[in-house]
Amino acid sequence: MLESAMATTTTRSSVEDLRARKPEALTAMVNDHLPTLLAGALAIGLPRADAEEVVQETFVAFLSSLDRFEGRSTLRTYLFGILYHKASNLRAKARREEGTDDIEAIVSARFDEGGMWSRPPRGPEAVALDAETRRWVEKCAEGLPDSQRAAFFLKEVEGETPAAICNVLGVSATNLRVMLHRARLKLRECLELNWEKNR
Amino acid sequence: MKLMMAFMPNCREVAKTLCGDGLAAEPWHRRLLIRVHLSQCEFCARFARQMDRICEALKATWTEPQGADVEAFKRRVIERLGPS
Numbered sequence: 001m002l003e004s005a006m007a008t009t010t011t012r013s014s015v016e017d018l019r020a021r022k023p024e025a026l027t028a029m030v031n032d033h034l035p036t037l038l039a040g041a042l043a044i045g046l047p048r049a050d051a052e053e054v055v056q057e058t059f060v061a062f063l064s065s066l067d068r069f070e071g072r073s074t075l076r077t078y079l080f081g082i083l084y085h086k087a088s089n090l091r092a093k094a095r096r097e098e099g100t101d102d103i104e105a106i107v108s109a110r111f112d113e114g115g116m117w118s119r120p121p122r123g124p125e126a127v128a129l130d131a132e133t134r135r136w137v138e139k140c141a142e143g144l145p146d147s148q149r150a151a152f153f154l155k156e157v158e159g160e161t162p163a164a165i166c167n168v169l170g171v172s173a174t175n176l177r178v179m180l181h182r183a184r185l186k187l188r189e190c191l192e193l194n195w196e197k198n199r
Numbered sequence: 001m002k003l004m005m006a007f008m009p010n011c012r013e014v015a016k017t018l019c020g021d022g023l024a025a026e027p028w029h030r031r032l033l034i035r036v037h038l039s040q041c042e043f044c045a046r047f048a049r050q051m052d053r054i055c056e057a058l059k060a061t062w063t064e065p066q067g068a069d070v071e072a073f074k075r076r077v078i079e080r081l082g083p084s
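Going down the list, the protein sequences come from chains A and B. Residue 97 in the working numbering sits at position 97 of the first sequence; the count goes up by one each step and never skips. Residue 24 in the working numbering sits at position 24 of the second sequence; the count goes up by one each step and never skips.
Because the hints were derived from the structure by calculation, they are not lab data. It is possible that part of the hints are untrue.
[Unchecked claim] Computed list of chain A residues with no C-beta within reach of chain B, every gap over 12 Å:
1) Ala43
2) Lys86
3) Ser88
4) Leu90
5) Arg91
6) Asp102
7) Gly114
8) Val171
9) Lys186
10) Leu191
[Stated by the list, open to error] In silico PhoX-like links for lysine-lysine, alpha-carbon gap of 25 Å or less:
11) Lys197(A) / Lys155(A)
12) Lys139(A) / Lys59(B)
13) Lys16(B) / Lys86(A)
14) Lys155(A) / Lys86(A)
15) Lys74(B) / Lys59(B)
16) Lys74(B) / Lys22(A)
17) Lys74(B) / Lys86(A)
18) Lys139(A) / Lys16(B)
19) Lys22(A) / Lys16(B)
20) Lys155(A) / Lys139(A)
21) Lys86(A) / Lys139(A)
22) Lys59(B) / Lys16(B)
23) Lys59(B) / Lys86(A)
[Unchecked claim] Covered stretches of chain B, as calculated for chain A (at least 3 residues, CB under 8 Å):
24) 26-36
25) 60-66
Cβ atoms here follow ideal geometry from the backbone N, Cα and C, with glycine treated the same way.
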C-alpha cells in the first residue's frame, strides 16, 4: 500500500517536472524508458532507423499531450501504447491483420477426431538455444502481424499484465488470448518447417 | 486411476493450453492432469519443450539494445525534448 502511494506521488511529481521540461526529469524518463521502447519497436518489426524515429516521436507526442496521462497505467505502458500506434501506422498493418491466416485449420489437421496427434510435432527433442535457433525464431517472428508481435513482446519479454496489454493494443481479453495463441502456434509451425528443411 | 483417465485431457486440449495462457492459469486439478499427460505422452512433451524454447529464444532476441549508439540516441532525444 505504502509502495503504491509512493509510486503515485513519484509519478505525479515527475509529471509536473516533465511539464516544466526540467532537464533532470526528461533525462530520467529517457534513460528509464528509451531502451524498452526501442526494443519494442524493433520487436514489432521496424528497421533500426524507423524504430529510432518512432521512439523519438513517441516521447514528443507524450510531452505534447501530458494532460491526457492520468496515471491509470504505468508510464512505460502508456508510452508503449503511443509507440505501438505510431509503429502500426508506419507499417500499414492492415496488410497483415489477424484473420487472414489459417493457422487454426493447419493445427487442427494435426489431430484426429479423438483429439490425439495424427501428425505429431516434429523437430529436435532438445532444442538448443544457440544463435542459429534464435535467428530462425526471429525470422519466423517476422511473419507475425504487428499486433501479435507487440502482444508477445509485452507478455513474454516485459511481463506486462493482460489488462495492461489489452489497454495498449485496444483489444479485449479474449482477443488477446487468441492473438497470443495464434502467435505461438505460428512460430512453432514455422520453426518445424525450418527444422525439416535443414535436417 | 480409471477415474483420472476419464478426466485426462487429450493431446489437442493439452496443446491448446500450452499455446494459450499456460499451465499457471489452470486450476490445480487440471494442472495435475496435464502434467500426468505430459509425463506419458512423448509428442505433447516435445511440443511443450519446443514452446518453452521459442519463448526463451524470443526473450533472448528482443533484449533491450545497449551500447554507445543507444547512449548517443538518448542524448539526441533529450536534446530534442529539452526547452527550446
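Taking the hints in turn, this is what the structure says about them:
| no. | hint | in the structure |
| --- | --- | --- |
| 1 | Ala43 | violated (4 Å) |
| 2 | Lys86 | holds (14 Å) |
| 3 | Ser88 | holds (17 Å) |
| 4 | Leu90 | holds (18 Å) |
| 5 | Arg91 | holds (17 Å) |
| 6 | Asp102 | holds (16 Å) |
| 7 | Gly114 | violated (6 Å) |
| 8 | Val171 | holds (15 Å) |
| 9 | Lys186 | violated (10 Å) |
| 10 | Leu191 | violated (7 Å) |
| 11 | Lys197(A) / Lys155(A) | violated (30 Å) |
| 12 | Lys139(A) / Lys59(B) | holds (14 Å) |
| 13 | Lys16(B) / Lys86(A) | violated (32 Å) |
| 14 | Lys155(A) / Lys86(A) | holds (20 Å) |
| 15 | Lys74(B) / Lys59(B) | holds (23 Å) |
| 16 | Lys74(B) / Lys22(A) | holds (16 Å) |
| 17 | Lys74(B) / Lys86(A) | holds (19 Å) |
| 18 | Lys139(A) / Lys16(B) | holds (24 Å) |
| 19 | Lys22(A) / Lys16(B) | violated (50 Å) |
| 20 | Lys155(A) / Lys139(A) | holds (19 Å) |
| 21 | Lys86(A) / Lys139(A) | holds (23 Å) |
| 22 | Lys59(B) / Lys16(B) | holds (22 Å) |
| 23 | Lys59(B) / Lys86(A) | holds (23 Å) |
| 24 | 26-36 | violated (count 0) |
| 25 | 60-66 | holds (count 7) |
Violation of the numbered hints given earlier is confined to hints 1, 7, 9, 10, 11, 13, 19 and 24; the remaining hints are satisfied by the structure.
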